[in-house]
Amino acid sequence: MGISKILVANRGEIAVRIIRAAREMGIATAQVVSKADHEMLAARLADEKIEVGPAQASKSYLKIDAIIEAARAVGADAIHPGYGFLSENADFVDAVETAGLTFIGPRADTIRAMGDKAAARASAAAAGIRTVQGSEGRVDAADAANLAARLGLPLMIKAAAGGGGRGIRVANTVEELERMMPLASAEALAAFGDGGLYVERFIERARHIEVQVLGDGKDAVHVFERECSLQRRRQKVWEEAPAACLLESVRAELCASAARLAKHVNYRGAGTLEFLYDELTGEYFFIEMNTRIQVEHPVTEMVTGIDLVKEMIRIAAGEPLSVQQDDIVLSGHAIECRINAEDPHADFRPTPGRIEELRLPEMSHVRFDTGLYPGYTVPPYYDSLLGKLIVWGETRAKALEKLRQALAVLEVGGIATTAPLHRRLALDPDVSSLRVHTGWLERWLEDRPLEPAKLAS
Amino acid sequence: MTLTTVPAPIPGVFYRSESPDKPPFKSEGDAVTKGDVVGLIEVMKTFTQIEAEEPGRFVRYLVDDEEAVVPGQPLYELET
Chain A
1 MGISKILVAN RGEIAVRIIR AAREMGIATA QVVSKADHEM LAARLADEKI EVGPAQASKS
61 YLKIDAIIEA ARAVGADAIH PGYGFLSENA DFVDAVETAG LTFIGPRADT IRAMGDKAAA
121 RASAAAAGIR TVQGSEGRVD AADAANLAAR LGLPLMIKAA AGGGGRGIRV ANTVEELERM
181 MPLASAEALA AFGDGGLYVE RFIERARHIE VQVLGDGKDA VHVFERECSL QRRRQKVWEE
241 APAACLLESV RAELCASAAR LAKHVNYRGA GTLEFLYDEL TGEYFFIEMN TRIQVEHPVT
301 EMVTGIDLVK EMIRIAAGEP LSVQQDDIVL SGHAIECRIN AEDPHADFRP TPGRIEELRL
361 PEMSHVRFDT GLYPGYTVPP YYDSLLGKLI VWGETRAKAL EKLRQALAVL EVGGIATTAP
421 LHRRLALDPD VSSLRVHTGW LERWLEDRPL EPAKLAS
Chain U
1 MTLTTVPAPI PGVFYRSESP DKPPFKSEGD AVTKGDVVGL IEVMKTFTQI EAEEPGRFVR
61 YLVDDEEAVV PGQPLYELET
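Which chain is which? The protein sequence lines are A and U, in order. Counted the way my numbering counts, the first sequence spans residues 1 to 457. Counted the way my numbering counts, the second sequence spans residues 1 to 80.
Bound-form chain A, shown alone:
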């Protein structure tokens, strides 16, 4: 079942990334656009474009019927969902397959199983992977209070249907727990249409480590891990591969356990298992699985040489995995910085607008995945990711040095971006020596606000 034309059901840099992969495989592309996105780079690069609705994502990129209709209209035989939007929507997968088209991603039942965070924890436990101590499944306020007595506090309250860091609360006392549970449930219901909650032990000073996996529905491999501990409001801003803080023995065990889980669920496509790593005890705990390509996938590509997007397309076309576990070898170190349309000098206020100038670092071992071009106007309707600067070095120190050089050249003129934040982070002693955890960046921003005078670079 070959694929001859892919409908790209996303926008921005990931749409460009998918088009490039398809083109190199000799596959035609059709790009969906909202009314506000006719001038985006992906719309210019694709073989054709088709409008699916107005600017608001809820009426265009999230509209299942409109996307399926677009695929029919252009004669596409497969749909790549990218990340966000409909990428983890099992009903969308059903609709794609009912229409006789190929969904480039996991099966609907896998997405359903992993999308319910409480069920995903159970799957992990069944595959022999430790999860953060917490509830067996969904809980009410009384169950949570009992767990607090057994596991201790603080506890993290999470939405069973949640994701993207939304709807998470940390309770430090039983009173807080009792007060937060109904609020969290109401919030989860509003955000995800499901008020179900579960609770977990809150690990302070944890690192966020995630393992990339690939599966063809029968066999599965891991493609090593990434560390994404630098986060603001639970959104990643800087990612690395591999996780330099891990001992080799821990890395081997962690990655093998992720591949085991992927195999246990007969995983098809590219996916990521997220873990918290407790550096004090050396323990790691499964938190959730993302059943899609992730924003930070390029760092894995840089250290393994595997093109994850092409691999997804091959798998969707019915081919077996092109690599065996033993063929996948780590080489060097890669770092990615997310360049967002946000002003780090003004509390990360969004900054849509016209790109007047674009100077990219044309250097060896540097990659810039973006949807920008000079003269492009970044619309206000979607997320703020403009591009991703990815660098590679033989060692982490060399990668950091390369990153500083690349950031010195990179210039996005016309709007404020997060590039100045990354210039500062790349020079920070804690970042250089890996003394970070998931709460580090927010504390750093509180202690040392970025002052414009210091950032004249």
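Warning: the hint list may mix true and false statements.
Examples of chain A residues toward chain U, derived with CB under 10 Å [to be verified]: (1) 51; (2) 55; (3) 126; (4) 145; (5) 342; (6) 416.
Over the 12 Å line for every Cβ pair with chain U, so calculated as not near, a few chain A residues [as the list claims (entries may be wrong)]: (7) 48; (8) 90; (9) 176; (10) 235; (11) 351; (12) 385; (13) 428.
Honestly, the hints are just simulated from the structure, not real lab data. The structure displayed is predicted, hence computed values, not measured ones. Using N, Cα and C, we set each Cβ at its ideal position, and we do this for glycine too.
Keeping the supplied structure of chain A fixed, place chain U upon it in accordance with the hints.
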């Protein structure tokens, strides 16, 4: 009494109420005092409250709920 139209200060998606199940911030005839929230504009997933800069009596919204707006586009009518 003069009728003024108040423009959108920033681009984004306009919301008449705090959430779909809540009533609109203002209805016809409501008194508006300076600083009252009249709507929300979502820019890149960040919500900004649109506050009244002058007092008056609310007449009507000039854009639909969840409509994309550009800076300067008339948002609502106010009788001052």
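Handout entry: List of violated hint numbers, smallest to largest
Key = Violated: hints 1, 3, 4, 6, 10, 11 and 12.
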